[in-house]
Structure formats: structure tokens, C-alpha cells
Amino acid sequence: MISLKEIVEKLKVEPVSSVHSLDRPVASGYASDLLSCAMRRAKKGYVWVTLQCHMNVVAVATLVGLSAVIITEGNSPDAETLSKAEKEGVVLLVTPRSTFSIVGELASLGIRGDLEG
Amino acid sequence: MKKNVITVSPETSILELKEILRINRISGAPVLENGRLVGIISIEDLLKALQEGDLHSLVRKRMTTQPITVLERESVVEAVKKFTQHKVGRLLVVNEQGDLVGILTGGDITRGLLEAISLDYHSEEVRRYRASHIFEDIVSDQTSLLLRYKVQPHDFKSGGAAASKLKRALERLGGAPDTVRRVAISAYEAEMNLIIHADQGGEVIAELRPERIRLTFVDRGPGIPDVEKALSPGFSTAPNWIRELGFGAGMGLNNIKRCADSMKLESKLGHGTRLEIIIYLRPELGENVNSS
Numbered sequence: 002m003i004s005l006k007e008i009v010e011k012l013k014v015e016p017v018s019s020v021h022s023l024d025r026p027v028a029s030g031y032a033s034d035l036l037s038c039a040m041r042r043a044k045k046g047y048v049w050v051t052l053q054c055h056m057n058v059v060a061v062a063t064l065v066g067l068s069a070v071i072i073t074e075g076n077s078p079d080a081e082t083l084s085k086a087e088k089e090g091v092v093l094l095v096t097p098r099s100t101f102s103i104v105g106e107l108a109s110l111g112i113r114g115d116l117e118g
Numbered sequence: 023m024k025k026n027v028i029t030v031s032p033e034t035s036i037l038e039l040k041e042i043l044r045i046n047r048i049s050g051a052p053v054l055e056n057g058r059l060v061g062i063i064s065i066e067d068l069l070k071a072l073q074e075g076d077l078h079s080l081v082r083k084r085m086t087t088q089p090i091t092v093l094e095r096e097s098v099v100e101a102v103k104k105f106t107q108h109k110v111g112r113l114l115v116v117n118e119q120g121d122l123v124g125i126l127t128g129g130d131i132t133r134g135l136l137e138a139i140s141l142d143y144h145s146e147e148v149r150r151y152r153a154s155h156i157f158e159d160i161v162s163d164q165t166s167l168l169l170r171y172k173v174q175p176h177d178f179k180s181g182g183a184a185a186s187k188l189k190r191a192l193e194r195l196g197g198a199p200d201t202v203r204r205v206a207i208s209a210y211e212a213e214m215n216l217i218i219h220a221d222q223g224g225e226v227i228a229e230l231r232p233e234r235i236r237l238t239f240v241d242r243g244p245g246i247p248d249v250e251k252a253l254s255p256g257f258s259t260a261p262n263w264i265r266e267l268g269f270g271a272g273m274g275l276n277n278i279k280r281c282a283d284s285m286k287l288e289s290k291l292g293h294g295t296r297l298e299i300i301i302y303l304r305p306e307l308g309e310n311v312n313s314s
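As you go down the protein sequences, you meet chains A and B in turn.
Numbering of the first sequence is given in the numbering used here, commencing with residue 2 and proceeding in unit increments.
Numbering of the second sequence is given in the numbering used here, commencing with residue 23 and proceeding in unit increments.
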């Protein structure tokens, strides 16, 4: 299974929290800016791609047990969100690129979404 | 112990023995004659022979006859006693008939002890983190654990705090991962509903029993004008600024419904809303209840 470290290196996304936890494997991926959708479809070990960058992203990541969240479109989480992410061991990765191009690259690295639905 | 022991014959020369020990990286070998255990020869015997320039002598001359043995059915404690008593580096393990079945070294004992310690440590950890035994320790006709979490109105920063704490509690109680996930998702959605819609905030009440969890979310208003409409996917009354944060997609109640084994939503406009869901902690129990 591909690790976060490889994603960070190949996609040039910048880790901004829990930077020492990049050895985590990535099971699959999901992309949406709706938190309810992410709650429902993203599962343990997934990477979630979204442009949302507020505190609740961390809550979703914790509750679902995500491997990491990639925050797109140059959005950057505030200090409070970052410290919460650090405390909960949530890996946040940021990038100026669009969700579409990030998902495309993840797919080319062999990360597939759910087959159902 | 180690099975498939490398053995030598009494007719093996010390020179050959040296090679056998070197190639197999062992420090001694039992001596078998016609399948019978007749002695043991170790690297110390080899060193003595070297010192005396007696490399061409045979193992028969240099070996220790009557080696220290331990019966295979005996306990490890017995073996440890023999190690200290005879100050030997290895014990030959024999069966009732006196046939060699294995060899036991100090290293085997240490490894065994280390494994036992780490197993012990692991089970200690499980004990500490699993509070589930409270249901066995505390005797009553029906024991349940009641957890309450207060939710403040419009407190987006704490969104998911109650759900996270509840999730952790369930993990400690030994809930199955899938059940914990369903509880976490429904608690989060309902908690966010309280934060977004309940003008005075509300409360999450989790009643845990060994077989099921009942989550109740209560608030004192504003109430839902049309409950049926609220339950239809995609319907939302959330203001735009909340939608921009990725909430209010009209999926919350729907998500909850998918996760719950049963769900009841009651609301009175101007008074408040009460959502009650039940999730079975052991799926097999849930199926029984659902089918009956």
C-alpha cells in the first residue's frame, strides 16, 4: 500500500500537521466538500481531498479515522485548527492545486476509490 | 526447545566436529550411537582438545557421558532449575524412552520469558482500555451506562467533540469497529444539527447497555415545521454561510438513518426536537431484535 510519504513527495503537497506520522498507509480515497458526504463515504485509512479547511475537517478526520486530509485550492487552516489537528494526530496536507488535479494524480499512483456507488 | 537437533556420532573426529559447529553456528551437539543418546560434546571440549593438540582424537574420547537431560513433558520451571543446578548451557530434551527429541538452551528460555512478558503487557493494556468488565462487575437486573454531552449553539469550533468522546468511550468498552463507526457518524451528524439549528443548544445522551446503545438528542427549539420533509435527502434549511462550510447539504438525518437500527424523530414547533436512535453493539443481537 502506498504511504503518505510517497504522496507528499510525488504530489508536492505540504504537510502542516502531525508531520511525523507520514509513514501511514493510504487505503483508498474520497473527494467532496460536503462534510456529511465525507462522513458517509470516507473510511478508516482513506485520504480525503477537500477545499474545506476549518476545524470540523479535523473532527471528521478523527471520527472516521482518515489517514490524511488534502486541503486544495490554496486554502490554509488557521492556527487553532492546526493545533487541534496536531493534538488529535490528524495529518493535514495543503496544496494550491485543484481537487480535480490532485485526485487525478492520486489515481495515477494507484489509489482507487470505492467500487460501489 | 529446538527440534531437528544436529547430532554427531562417537566416531566423529574432533576436527570434523569443529567444522560441524562452525558451519551450523552451534556451540555443542548431542552424541548419538545407533540412535541412542550416549553423550554430549561442546565447544569447551573442543577447545581443550585444541589446547592439547589432540585434534585427531574421536568425539567418544572427549565427550561428556551422562548428559543432563530433561523430560519433554516436564515444565519450563524444572528446566530452569536444572540450568542453575548443573551450570550447563544446554539441556537435552528426551521422551520417556530416553530418545532425544530436542535441545533447550538458555536463549530459548529467555525468548519464551520475553514473549510471556509481552503477552502479559498486551493483556494488561487491553484490561486497562476496555472498561467493558464494568457490565460484569456491577450486578443489577439491567445495568446501563449513561453519558451526557452538552452542545452549545453555533459552537462550530467544538463540532464533533461530543461524538469524538463518545467514540473513544465505545472503543474502550470494546465495541466492534463497524458499530463504533455507525455510532460516531450518527452522533456527529446529530451533534452538528444541534450546533447549527438549536438556538439554545442541546444535549446528547448516550445510554449504553452491553447489547445496545441508545442515543438521544434533545433541544428546546426552534423545532421542525415538517418532520417528513426534513427527513427527505437533500432538504435543508441551513443558511448559506453554513452551507459554505460544507454543512447543510440535507444529508445529516439521512446519514443517521443509514447508521441506526431504529430511529425516531419527534418535533414540536416552538418547543424543541427529540431524536432517538438505537444501534445494536453486537450485530447478531440486533438482527434477532430486528427480525422479531
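Do not rely on the hints blindly, as some may be mistaken.
Stated by the list, open to error - Here are a few chain B residues that face chain A, going by a calculated C-beta distance under 7 Å: (1) Leu54; (2) Asn56; (3) Gly57; (4) Tyr171; (5) Pro175; (6) Gly181; (7) Gly182; (8) Arg190; (9) Ala206; (10) Ile207; (11) Tyr210; (12) Met273; (13) Gly274; (14) Asn277.
What the hints assert, rightly or not - Pairwise CB distance ranges, derived in the manner of DEER restraints: (15) Pro26/A / Lys40/B: 30 to 36 Å; (16) Glu87/A / Asp177/B: 33 to 39 Å; (17) Lys279/B / Glu87/A: 45 to 51 Å; (18) Lys24/B / Lys11/A: 56 to 62 Å; (19) Glu229/B / Leu52/A: 37 to 43 Å; (20) Glu87/A / Ser97/B: 19 to 25 Å; (21) Ser284/B / Leu52/A: 44 to 50 Å; (22) Glu229/B / Ala108/A: 55 to 61 Å; (23) Lys45/A / Ile45/B: 47 to 53 Å; (24) Glu87/A / Thr259/B: 34 to 40 Å.
To be clear, the hints were calculated from the coordinates, so they are not data collected in a lab.
Ideal placement from N, C-alpha and C gives every residue a C-beta, glycine not left out.
Looking back at the hints listed earlier, which ones does the structure fail to meet?
Of the numbered hints, 1, 2, 3, 4, 5, 8, 15, 16, 17, 18, 20, 21 and 22 do not hold.
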